[in-house]
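Residue numbers (our numbering), protein chains in the order written: chain H, 184 to 346; chain B, 550 to 731; chain G, 2 to 372.
Source of the hints: derived by calculation from the structure; they are not laboratory data. Mixed in with the good hints, there may be bad ones.
Simulated DEER-style distance windows between Cβ atoms [unchecked claim]:
no. : chain 1 : residue 1 : chain 2 : residue 2 : range
1   : G       : D244      : B       : E704      : 55 to 63 Å
2   : G       : K296      : B       : D626      : 33 to 41 Å
3   : G       : N12       : B       : D692      : 12 to 20 Å
4   : H       : R307      : B       : D692      : 31 to 39 Å
5   : H       : D236      : B       : N616      : 53 to 61 Å
6   : G       : Y179      : B       : K646      : 33 to 41 Å
7   : G       : A3        : H       : R307      : 52 to 60 Å
8   : H       : L266      : G       : I239      : 44 to 52 Å
Idealized CB from N, CA, C, for every residue including glycine.
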Amino acid sequence: MGLLDKEFSDGNIVIAKVDDLFNWARLSSVWQLGFGLACCAIEMMATSMSHYDFDRFGVIPRNTPRQADAIIISGTVTLKMALRIKRLYEQMPEPKYIISMGSCANCGGPYWEHGYHVLKGIDRVIPVDVYVPGCPPRPEALLEGLLKLQEKIRNESLRKKSA
Amino acid sequence: MKSAEEIFEILKTEFGDSILVLDKDTPTEPIISVDPLQIHRVSKFLREHPDLQFDNLMCLSGVDDANGNKVTNADGDELIEGGTLSVYYNLHSVSLKHKISLKVSTSRTDPKVESVENIWKSANWHEREAFDLLGIFFLNHPDLRRILMPYDWDEFTTEVSRHPLRKDYKNPEFYQGMKVPY
Amino acid sequence: MALKTEHMVLNMGPQHPSTHGVLRLELEIEGELVNKVTPHLGYLHRCFEKHAEAMQYNQVVPYTDRLDYLAAIGNNFGYALAVEKLLGIEVPERVEYIRVIMAELQRIASHLVAIGSNGADIGALTPFLYLFRDREHILSIIEETCGARMLYNYIWIGGLSHDIHPDFVRKTKEFCNYFKPTIVELDNLLSYNKIFIERTANIGVLPVDTAINFGSSGPTLRGSGIKFDLRSDDPYSIYDRFDFEIPVGKGLMGTVGDCWDRYYVRIREMEQSLRIIEQAIDHIPDGDVQSAIPKRIKPPKGTVYRRVENPRGELGYFIISDGTVNPFRVKVRAPSFVNLEVLGELCKGYLVADVIAILGSIDIVLGEVDR
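Produce the entire structure from the sequences given, and follow the hints as far as they go.
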């Protein structure tokens, strides 16, 4: 019933590479750790709400890093908080992805010059996959960041380990 | 509702020399200067006197006056020696609707001010913040430790990097393996 | 033989779904009963005061946005008023009216998030979605005016950054008509819901004397029954021309000063904000919003303390000027910083789940707690 049985005119058999199948499964349900630090967190919440809807991409917030695929680092990372983020990153199981949202997480943001307690970019502590610029980035920008992450996942391979 | 001069007169008759001066040169609000070790008695009087009744401490701010001599030390840093650190108190009365500002100045090398925490409980965290960011000691404070900076900031910093809001502050190079400057 | 018992220390760490940001609470519990709560701050300390000393007066305005990022117009407003008092300039009438309308729209938007997250922490996830949908309407009105959805840099010293667009009056009136039935819908969804009342009535009772001694302000203070609102007791801008009421907590569902009262004050405040907007929207005079902006801001030596009524309480700016183009010291008296101190007093003797309800009703934003 519905669309799927009209898709395949020659029986319900689909042939694909295992790589493609795994990548498609992984990119369609990137479960993120619900982790908001500062102003960008409000834009991330607005993206998950009904107007811009993150859920249609399969992105649900989870409460613990041990069940999450991705962290969206949204907001300024301070020196005090950076150690805790490193610990959260180490608690996540592979494969894991990091989206750095906002200028503060990319490079220190507006606090780069005189911020004595601001870490100038989260990539000094953990490896980042996608950078989303903006202060704060619009929800559409965050959705594009997610699409870029999905492209990156689509090109992964089970044989070769990604960085 | 009392004006600043009337409040100054009441305080002057009660405390005499501990109340130093009423500074009316500032264009926007007059400030009464008080001796740093008498501020507790003055605050208690301000809260309990029936004509004054200042039961709300709006704001307590530490300030680095930067009025000492600029010295260059061996590493080439510009430090400030001597001079004062000040604490400003902004008080307000909910029932009588008047406001007043007080100021306390202490020396930069050995800053000690009496705590007003048991008069207005809101001073608790404000004084911890002034201690954390400027290094002002508050005597008789129940729990004086750092509040905004990490608790182990002292282990990774030298004397010139301990208290960030001082005017001669310099960034430490590394904190727990993370590079601090840009 | 008597058993030896100990209190357990439980850490509600910086990463937690319900702590409204990066706040660490150390709970000393005995089973589920909480004996002592110690908040640990500083996880979002972004050195605002050091930046303010290094920038010029008008370059500080975008940094003030990021203090209380849910009510950014109020932050800009307070800073602009403080510096205008130092400089001694008067702004045109048109600017005053637009500032008041924007501030009240922002108050509604901020209370929507506060109520939504309060409900979401307790478990009511539906109102969260409804309220964010309504917030998008307000954000689109403000975005058409100044270009930004959340951190506006709109109220400059001496005026505004952009004038209102031609559709502003019509869209704001449409929004007011749209929003009135939404408050009724929200009342039906959440306020008189039996589960919500069980979770929040008689929890976290704050007596009036404790509230004033701890320096609380805003809905936290008004929930305890005392009518103190800076817009009418210490009026700034043109608030004395408008007619509005000040809702206080009356203990309708339990004791005066409990969590339900603080929530109730916020809902009624949104209604009063709509009233102010309706009184102001038809009387905006003509003029140039940028005529009073000074070319070079160099105030005389002096100090000023100016406070405004932000949605979370009394936001105060204490500015010391030494006659140059950079401020000498800017100290922000943040309402959430002061309101959070009272958490230790409120949580004694309640359960761990009640701590979440109390924290949600005090309504903090970590950006201004840590600055």
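Just tell me: holds or violated, for the beta carbon distance of H:R307 and B:D692 against 31 to 39 Å? 33 Å, holds
Cβ separation of G:K296 and B:D626, checked against the hinted range 33 to 41 Å: 36 Å, holds
Return holds or violated for the Cβ distance of G:D244 and B:E704 against the range 55 to 63 Å. Since G:D244 and B:E704 have Cβ atoms about 59 Å apart, the given range 55 to 63 Å holds.
For G:N12 and B:D692, compare the CB-CB distance with the range 12 to 20 Å and indicate the outcome. With a Cβ separation near 19 Å, G:N12 and B:D692 satisfy 12 to 20 Å, so the hint holds.
Is it true that H:L266 and G:I239 lie within 44 to 52 Å of each other by Cβ? 49 Å, holds
Cβ distance range 33 to 41 Å for G:Y179 and B:K646, holds or violated: 39 Å, holds
For the pair H:D236 and B:N616, does the Cβ-Cβ distance stay inside 53 to 61 Å? 58 Å, holds
A range of 52 to 60 Å was offered for this pair. Does it hold for the Cβ distance of G:A3 and H:R307? 53 Å, holds
The structure meets every hint from the earlier list without exception.
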